[in-house]
Amino acid sequence: PRSRVMHALPEKIAALKQEIEARMDGRLADQRARAERQIAEAATRAEAEAFRRVEELFTPRFAQLTSYIDEQVAPIMASARSVNAELKEFADAFRGDLKRQGEDLNSRIGDLGAEVPLLDARLARLGGAVGGFE
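Residues in the sequence shown are numbered from 145 upward in steps of one, following our numbering.
Note that these hints are calculated values from the structure, not bench results.
All of these numbers come straight from a predicted model, not from anything done at the bench.
Hints may be right or wrong, so weigh each one.
[Said to hold, decoys possible] Using C-beta positions, here's what the derived DEER-type ranges look like:
(1) LEU256 - VAL217: 52 to 62 Å
(2) ARG171 - ALA192: 24 to 34 Å
(3) ILE164 - GLU199: 50 to 60 Å
(4) ARG178 - VAL217: 51 to 61 Å
(5) GLY254 - GLN216: 51 to 61 Å
(6) GLY257 - PRO219: 33 to 43 Å
(7) GLU200 - ASP169: 41 to 51 Å
(8) ALA218 - GLY257: 55 to 65 Å
(9) SER211 - ALA237: 52 to 62 Å
(10) ALA192 - GLU215: 27 to 37 Å
(11) PRO219 - ARG189: 29 to 39 Å
(12) ALA235 - GLY257: 45 to 55 Å
From the three backbone atoms N, C-alpha and C, an ideal C-beta is built for every residue, glycine too.
Kindly generate the complete structure, drawing on both the sequences and the hints.
So, in structure tokens, the structure goes:
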């Protein structure tokens, strides 16, 4: 009987070792999963805290900058509207002047066109008179 126990002892030890290793592997896997969850949760909390802190730090400054920009843009826009109105008035006046000058030139050209036959007749008479002196 004692030799049989002695022969069975290494097998029992090996089985016990395998059982201990399996339990240890299971515990390690559980601990690893728990650690990974804790790390993921900590990272999520840290990310949320970082965003909250950034928002806390920058929101007042963004509000100041927005207010400053609004203060600067309003007079610039008013000035641009004023300049635009002045340019429109100038363009309308210039367009009116050009139209009047064009009409005046057309009238003069019409007058010159009416004088051409008279000048032609006068030149013909003067040409005949000059021809009589030669």
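Now for the hints, and whether the structure bears them out:
At roughly 56 Å, the beta carbons of LEU256 and VAL217 sit within the given window of 52 to 62 Å. The hinted window of 24 to 34 Å between ARG171 and ALA192 holds, with their beta carbons roughly 31 Å apart. Checking the proposed 50 to 60 Å range against ILE164 and GLU199 shows it holds: the Cβ atoms sit about 52 Å from each other. Between ARG178 and VAL217 the Cβ separation comes to about 55 Å, which falls inside the hinted range of 51 to 61 Å.
Hint check: GLY254 to GLN216, Cβ distance near 56 Å, so the stated range 51 to 61 Å holds. Separation of GLY257 from PRO219 is about 56 Å and departs from the stated range, judged on CB atoms against 33 to 43 Å. Remark: the range hint 41 to 51 Å for GLU200 to ASP169 is upheld by a beta-carbon distance near 46 Å. With their beta carbons about 58 Å apart, ALA218 and GLY257 fall inside the hinted range of 55 to 65 Å.
For the pair SER211 and ALA237, the beta carbons lie near 40 Å from each other, so the given range of 52 to 62 Å is not met. With their beta carbons about 34 Å apart, ALA192 and GLU215 fall inside the hinted range of 27 to 37 Å. Judged by the Cβ atoms, the range 29 to 39 Å given for PRO219 and ARG189 is violated: they are separated by roughly 46 Å. Between ALA235 and GLY257 the beta carbons are some 32 Å apart, a value that contradicts the proposed interval 45 to 55 Å.
Of the numbered hints given earlier, the model fails hints 6, 9, 11 and 12; all others are met.
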